[in-house]
Structures are given as C-alpha cells and as structure tokens.
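Just so you know, the protein sequences line up as chains A and B, in that order.
No gaps in the numbering here: position 175 of the first sequence is 175 in the numbering used here, and each next residue is one more.
In the numbering used here, each number is its position in the second sequence, counted from 1, plus 1000.
Hints are computed from structural coordinates only; laboratory data are not their basis.
Warning: the hint list may mix true and false statements.
[Claimed, not checked] Label pairs and their calculated CB-CB ranges:
id	chain 1	residue 1	chain 2	residue 2	range
1	A	H246	B	E1361	50 to 56 Å
2	B	R1363	A	H250	36 to 42 Å
3	B	S1293	A	G216	30 to 36 Å
4	A	R168	B	A1431	33 to 39 Å
5	B	E1361	A	T224	41 to 47 Å
6	A	H250	B	A1299	56 to 62 Å
7	B	R1445	A	N51	31 to 37 Å
8	A	R168	B	L1006	33 to 39 Å
9	B	L1017	A	V163	27 to 33 Å
10	A	R20	B	R1445	24 to 30 Å
11	B	L1006	A	G216	25 to 31 Å
[Stated by the list, open to error] Partner residues aside, some chain A positions facing chain B, computed with beta carbon under 7 Å:
id	residue
12	I65
13	Q86
14	R104
15	F237
Backbone N, C-alpha and C fix where the C-beta goes; we use that ideal spot for every residue, glycine too.
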Amino acid sequence: MDEAAPNGRPPADRAALDARGLVKRYGGRAALRGVSFEADPGELVAVIGPNGAGKTTLLSILAGIVRADDGAVHLPRGEVGWVPQQAALYRRLTVEENLRLFARLEGHDDPERSVGEMLELAGLGDRRHELVARLSGGNQQRVNIAIGFLARPVVLLLDEPSVGLDPRQRARLWEFVSGLAGGGTTVIFSTHDIQEAERYGGRLLVIADGERLFHGTPAELRQTVAAEAPEAAERDFETAFVAFLHHRGH
Amino acid sequence: MRWLLLKDLQILRRSPLQAALLVIYPILIAVLVGFALSRDAEKPRVAFLNLVPQDTPFNVGQEEFDIVGARSELCDRIDCVRVHSREQALDKVRDGDVLGALILPEDLVDKLESLGGLNPEQPTVEVIVNEEDPVQERLVDDRISTLLAEANLRIAREVVRVGSGYLDLILNGGDFSLLGASFRVLGLAPAAKVLKAVRTELPPGPERKALDEVIRFSDLARENLTLANPILTSIAEPIKVDKEVISGDSPPLDVFAIAVAATITLMFVTVLLVAGSLALEREENAFARVTRSLVSRAALLTEKISLGIVAALVVTLLMLAGLELFLDLHWERLHLWVVAILAGGAAFAAAGAALGVATREVRAASLLAFMLSLPLAFLSLVPSGAVSGPLEAVIDVVAAVFPFEPALDAMSGALDATGPDLGGPLLHLAALTAAYALLARLAMRRFTAV
C-alpha cells in the first residue's frame, strides 16, 4: 500500500494540520512536552511510540476533546474527523442505524444519501441491517472509521485503528484508509506496530514520554536509527527502533 | 436531541429482557409494597379457645356484664379461628396457620366476679405465640395486649360504676337487694338529718355533746365519700386520651399504599434507566464522539432526563391503571397525577444522571442505582419519632436530599384530596432536579479524561 503515500510533500503553507509546542500535564506528570509537527493534504502520518508515550493524548488534543495546557493547533480549513481507539458505536443498533444517527447529528441535509455513501466506502452495503455487536472487530472498526469520515473531514485522526484485528482484517482496513487518503484526506494514525507505521505512514512522528524524538519519512528514520544505534542497524526495523529509543534514554 | 432520544428508545426496544425487567420489576416491587402496607389494616388470624362454660353469666355487683357482646367484639377485631382444645391451638400456632392463640380458662368469669367481692383473685388468660418469627410475635403480642388492655379498662369501668352505686347508697340511702331479699339503707345524709333533728330536742349536757361528735363524723364521712367517686373513676382510667392533630394531612392508608407503590415504580424506572443509559454512552465509547462537536453535554443530559421522564410517565400511569382493577382511583385527578409524576420523574432522572456519570458501565450504574435508591427510599419511609434523635436527624437529611419523600408527598397529594398540598413537594422536587442536574453536569467533566 505504499503507493497510497504521497510522493512529494506540498509546500508548508498548504499544510492541512500544523501543531506547535503542544504541552499537556495530568497533575504532576507531563503527558506531552512541546510536541510540534505538521501534516499535508492527503498525507498519512503515523504517530508511534511506546505505551504511555502520549499518542492518545496528542490525538485527543488534535480532535478537540482534550485542551492543551500550552501550544497551538492550526487547522486551516474543514473539519477534523476523530476515530477513537475503541469503536465508538452503539452495538445494539445496526450498521445503517449507527451511520444514520451520526449523519443526523452531523446535520446532513440528506442523511440517507450519506449513509449509502459510507456503506459503499466501507464496503459494508450487504451488512447494513446487521447489528454492530454481531460484526467482526475489523468490520466494527470500518464502521467506526466511516462515522469519523461522515463529515468529510480534511483531517482524519485514527487512534490505534488496527488493534485487535487479524492480518486479513488489517489489510482490508488499510485498503479503506488508504482510499480515504488517496481522496485527499489527511490521515493521522497512532500505532504500536512499527512495521505498520513504516508500511502505511508517509511520515512518522516518534514520541516517547511526551517528547518528540523524530518527525520524517520512514527512510529518514532508518537513517537516523542507523546513525544513532549502528549496532542494530543491520537487524529488523523494530529491533533497530527499540535500540534507537534506548539510545535516546527511553 | 430528538435523534438521541430515538436512538435510546431503539436500543431499549432491542433489549426486550432489559425493557421487560425495567417495567415488570418495579411493578412487582410496587405491588408487593402496596400489599405489605395495606395488609397492616387486616385482622390477624388468632386461634381462640373459650373454656368458659357456655351461658355463664358474668355479674359485677348486681349488674350482668355482656360477655357475649365482648366476645363478638373481640372476634371483630381479630380473625378468630375457633379451636376445641389447647393442643389444637398449639398445633395451629406451630404450623403457622394462625399468628397466635388466645385461651380463656374455665375459671375466668369466677375470678373476674371475685374482683367485686371480699376475696379477689386475679384472672389470667393464656396467649401462645410462635417465637421463631420475632416480627410475628411482636404483631400478635401488640394486638392481643391492646385488646386485653381495652377489656381490662371496660371491666374496671364497670367495677367503678357498681362501686359508685354502693357509695351513693351509703351516702344518700336507698334500696339494696341481696340474695333475693330487699333491704332499706338509710344513708349518711338522711342519717345526719335525723341526728340533727334529735339534737334540737336534747338539753345541753354530755349526751348532746356526744351526739355533736357523731354528727361531725357523719358530715366528715359524707364529704370524703363524695370525693371517692372521681378518685375511683381516675383509678379505672388514669390517663384519658385527648387526641389533637396539629400538623400533617394524612391520607387514607390505601391511598398512601398506592402512592408508595407509584413512587417506588417512578424511582426505579427513572433512576435505573437514566443511570444505565448515561453509562451506556461511556461503555460504548460514544460519549466523547457525540459531545465532541455534535451535541452539547447539557443537551445530552437534558435528553437523558427527558428519556427518564417519558418512561416514568408511561410506566407509572400503566401501573396506576393496573391498580384500578383492584381499587377505586380518582381519575378526575389525572392532571394532578401527571404533574406529580413529571416532577418526581424529573428529580429521579436527574439523580439517576448523577449516578450514571459516576460509572463507566451499565451494570455498575444499575447496581449503584439499585443499591442507593432502595435503602434511601426505605429510610424516607421511617416515621418521625420512630428512632432516636441523632438518627432521626440523619434520616431527615437523607429524606430531604433524595427525591423519594417529596415525590411520595406529591403522589399522595395528587391521588387524594386528603393528601398533602402539592405546592411544597413540587417546589422541593424542582430544587432537587436542578441540584442533581448541576451535579451531573459538573461530574461530566470526568468523561473527558483519556
């Protein structure tokens, strides 16, 4: 799916999202320490880092659910779609009813048309009348993302979208997400899976303990890892990445 | 907001067991509570063994006491189950057929009559209670003790009445019959008159002086015996009850029972439904998505409270309609019922929202709602003065901050004209609705934690 990633980055003034110096504290603990990054239209940005790095906090701030203690987020145009880590769906409603409810809440002029479009986009037209509770985890996640995309946002935030999915479900999920990005939507997703980030992320944002460690393409990360942890450079990327984090004191 | 309300109703429809439980459970509780309260007015079943020979007259002095009337009056007050032996009475109590047994011994009347004679013997009746159940024992003890106290009072009054007759005879004189023979008693007052007449004919001297002493004694005895009558009356009934109701509009017991049943239904439906529904938003991870930009938190809270009010109105009216099969309800007061249900439903729904905010799962919310509302409701039913001062103060506070008591007052007032005024309870419920809604709204900030 590498072909879904943009071949070249647009100029900075065309960034779909620009976050500067984001700081968030929970009590005495700093969850984010001045994290900055930007994302271009149609770009897939992977936010990676160990548990507790601040990935979910960062996405929540971008989504407007959590207020940053300091810093700023610039969204030049359009809406931000947010897809939480766990499917935010009503399991006792059908796929169609979930989509219709959120389309109505979004204030769509023609909710039925929006429902039809999302069902087609998610490839769930034949399961529209099924209760969400009866869907597989992968299909639930597709509905989850479809709801996040209902407002046709310019930026779509996905918090660990592939957690708990089997390889086949993951492949279908990324096909769907890549399709959205191919249509011009900027997708920012968090993940634990380094290989997934490398494969689907046009750019990677590495954070640990709330601190930004890296922001660049996968190839640039490989170069950085090789430079900072040469002893692991010849091994698989995940091992090299762990060595890189270790060198940075995490 | 209407789409969220529609969604909640759809979810409720998709959970038939939950929906059925939500309706059946409170109605079941309500009916049980209603029966429990109204049963208090029923007569307890007591085995009654009368060993006094039939047609034995019971005379106090010269007067015959109406023992047949007293016996039938006793059986009007308790459900007398006739038994023919002490063993049968014991069996019935042991088997639980009756709450207790009352046995009148063979010599009861003889001993009662001896109270008016020179060798009084205290009569005794036997009461048998199954002590395996302390509540049952207490109930029967209380009923029989009350009945015997009333019987004692009536007999004492009769004895006093007869004694007063004797005193009057001694004071004023009259005819007295004993063993079929009639006697003429002069009496102290006529005797004093005779003595005073004789005195005028006696010359001064030792005989007249002695007669003066007899006249003085006669006057003194008459004056003191005149006082004996009210003293005897006060002994028979030392404390006279003069009941005056200074506050409270107490409705009839059946109306109160219906109000309790309706309020419990109202409470369970709204508190459980709203707490569960709000917790569902978190359990389904939908809260943040819904409130991020689509619906404000205040609107979501309003929707949940509205859901509770709608459900409360439907279920409570259904329950009252069901009770109509057994009791006569004042349907002309329907508009007042609706007002009371809406006000009570709003307060309970707001309380349910505050509870729902505190939990992340529907099960936890339902359990919390159940565990809190049931004891709080029962605390609100504890009558004032039934417990010690500090505990009563605590109960008063609980009753004031939980909507059950004002909702019960509102329902009582709405159901029957003899109930409390609606104004106070409705204001109380409005204040509680505002307070709990504010609490829930403030607590919703917790939902943003990631």
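For each hint, the structure was consulted:
1. H246(A) - E1361(B): 50 to 56 Å: Because 39 Å falls outside the window, the suggested range is violated.
2. R1363(B) - H250(A): 36 to 42 Å: Hint holds: Cβ distance 39 Å, inside 36 to 42 Å.
3. S1293(B) - G216(A): 30 to 36 Å: Check passed, 32 Å falls within 30 to 36 Å.
4. R168(A) - A1431(B): 33 to 39 Å: violated (58 Å)
5. E1361(B) - T224(A): 41 to 47 Å: holds (44 Å)
6. H250(A) - A1299(B): 56 to 62 Å: violated (43 Å)
7. R1445(B) - N51(A): 31 to 37 Å: Roughly 26 Å apart at Cβ, these two residues miss the hinted range, so it is violated.
8. R168(A) - L1006(B): 33 to 39 Å: Check passed, 36 Å falls within 33 to 39 Å.
9. L1017(B) - V163(A): 27 to 33 Å: holds (31 Å)
10. R20(A) - R1445(B): 24 to 30 Å: holds (26 Å)
11. L1006(B) - G216(A): 25 to 31 Å: Distance hint for L1006(B), G216(A) is violated at roughly 48 Å.
12. I65: holds (5 Å)
13. Q86: Q86(A) check passes; min Cβ-Cβ to chain B is 5 Å, inside 7 Å.
14. R104: Cβ of R104(A) sits 4 Å from chain B, so the hint holds.
15. F237: It is violated, given that the least Cβ distance between F237(A) and chain B is near 29 Å, above 7 Å.
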